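Residue numbers (the working numbering), protein chains in the order written: chain A, 1 to 111; chain B, 1 to 116.
These are calculated hints, taken from the structure and not from any lab test. Please read these numbers as outputs of a predicted model, since none were measured by experiment. One should not assume that every hint holds.
What the hints assert, rightly or not - Which bits of chain B does chain A cover? Going by a derived footprint, with three or more residues having C-beta under 8 Å, they are:
{"hint": "1", "region": "15-22"}
{"hint": "2", "region": "39-49"}
Stated by the list, open to error - Derived pair list, reagent style DSS-like, types lysine-lysine, alpha-carbon separation capped at 27 Å:
{"hint": "3", "chain 1": "A", "residue 1": "Lys70", "chain 2": "B", "residue 2": "Lys83"}
{"hint": "4", "chain 1": "B", "residue 1": "Lys83", "chain 2": "A", "residue 2": "Lys57"}
{"hint": "5", "chain 1": "A", "residue 1": "Lys70", "chain 2": "B", "residue 2": "Lys57"}
{"hint": "6", "chain 1": "A", "residue 1": "Lys59", "chain 2": "B", "residue 2": "Lys57"}
{"hint": "7", "chain 1": "A", "residue 1": "Lys103", "chain 2": "B", "residue 2": "Lys78"}
{"hint": "8", "chain 1": "B", "residue 1": "Lys57", "chain 2": "A", "residue 2": "Lys103"}
{"hint": "9", "chain 1": "B", "residue 1": "Lys42", "chain 2": "A", "residue 2": "Lys106"}
{"hint": "10", "chain 1": "B", "residue 1": "Lys83", "chain 2": "A", "residue 2": "Lys103"}
{"hint": "11", "chain 1": "A", "residue 1": "Lys51", "chain 2": "B", "residue 2": "Lys83"}
{"hint": "12", "chain 1": "B", "residue 1": "Lys78", "chain 2": "A", "residue 2": "Lys70"}
{"hint": "13", "chain 1": "A", "residue 1": "Lys56", "chain 2": "B", "residue 2": "Lys42"}
{"hint": "14", "chain 1": "B", "residue 1": "Lys42", "chain 2": "A", "residue 2": "Lys57"}
Note that the Cβ used here is the ideal one computed from N, Cα and C, for glycine as well.
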Amino acid sequence: GQQVMQIPQYQHVQEGEDFTTYCNSSTTLSNIQWYKQRPGGHPVFLIQLVKSGEVKKQKRLTFQFGEAKKNSSLHITATQTTDVGTYFCAGAGAGSYQLTFGKGTKLSVIP
Amino acid sequence: EPEVTQTPSHQVTQMGQEVILRCVPISNHLYFYWYRQILGQKVEFLVSFYNNEISEKSEIFDDQFSVERPDGSNFTLKIRSTKLEDSAMYFCASTNGRGGSTDTQYFGPGTRLTVL
Numbered sequence: 001g002q003q004v005m006q007i008p009q010y011q012h013v014q015e016g017e018d019f020t021t022y023c024n025s026s027t028t029l030s031n032i033q034w035y036k037q038r039p040g041g042h043p044v045f046l047i048q049l050v051k052s053g054e055v056k057k058q059k060r061l062t063f064q065f066g067e068a069k070k071n072s073s074l075h076i077t078a079t080q081t082t083d084v085g086t087y088f089c090a091g092a093g094a095g096s097y098q099l100t101f102g103k104g105t106k107l108s109v110i111p
Numbered sequence: 001e002p003e004v005t006q007t008p009s010h011q012v013t014q015m016g017q018e019v020i021l022r023c024v025p026i027s028n029h030l031y032f033y034w035y036r037q038i039l040g041q042k043v044e045f046l047v048s049f050y051n052n053e054i055s056e057k058s059e060i061f062d063d064q065f066s067v068e069r070p071d072g073s074n075f076t077l078k079i080r081s082t083k084l085e086d087s088a089m090y091f092c093a094s095t096n097g098r099g100g101s102t103d104t105q106y107f108g109p110g111t112r113l114t115v116l
């Protein structure tokens, strides 16, 4: 079945440093979604990428979808303490509503 | 902003007992989902539901599990004869279904199930 790998598992950064998490699927995806989960909270939708090579920005967050639609990345510029949480990518195969989540990258920001 | 709601927030049960987890999806949404997240691990898809029937399910969703939409608002997950390894956070999600697989899934706050 479809597998989604995500690295790194943990990332500790100083406030102000950049952060990147990478996601790789074993199969071609129809779309990839990114979620943020604060400690003790539920996944909150951040963004969705659909097109090959797509790049989207949300303030300090930049999301990319690979040309082959099998990998994706989330980059945060100049991290802040409010960025703390676990970032999950989740991919859907063609014609499927089933989201396969990566294991997530837990971001800690040291003030 | 409309939200998915779930009850209870925390459920403690004895091994072997049945539990029912309840969700109220966003009112105009058509597709409903259950996910689970074992503590410290990734979110895992269990089942999707549309038009009063299961549309997809994962290997985790075996005969122990069932889903139902008993009325126009609730969407339930029943776990028969709970096991210790069923202890997890269970999330309900819904989408409006207009975008197909590219729909945004809105997650509820989750029910923490503890099996003793």
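Hint-by-hint comparison with the structure:
no.	hint	verdict
1	15-22	violated (count 0)
2	39-49	holds (count 6)
3	Lys70(A) to Lys83(B)	36 Å, violated
4	Lys83(B) to Lys57(A)	43 Å, violated
5	Lys70(A) to Lys57(B)	23 Å, holds
6	Lys59(A) to Lys57(B)	36 Å, violated
7	Lys103(A) to Lys78(B)	26 Å, holds
8	Lys57(B) to Lys103(A)	20 Å, holds
9	Lys42(B) to Lys106(A)	11 Å, holds
10	Lys83(B) to Lys103(A)	23 Å, holds
11	Lys51(A) to Lys83(B)	42 Å, violated
12	Lys78(B) to Lys70(A)	35 Å, violated
13	Lys56(A) to Lys42(B)	24 Å, holds
14	Lys42(B) to Lys57(A)	25 Å, holds
Comparing the model with each earlier hint shows violations of hints 1, 3, 4, 6, 11, 12; every other hint is respected.
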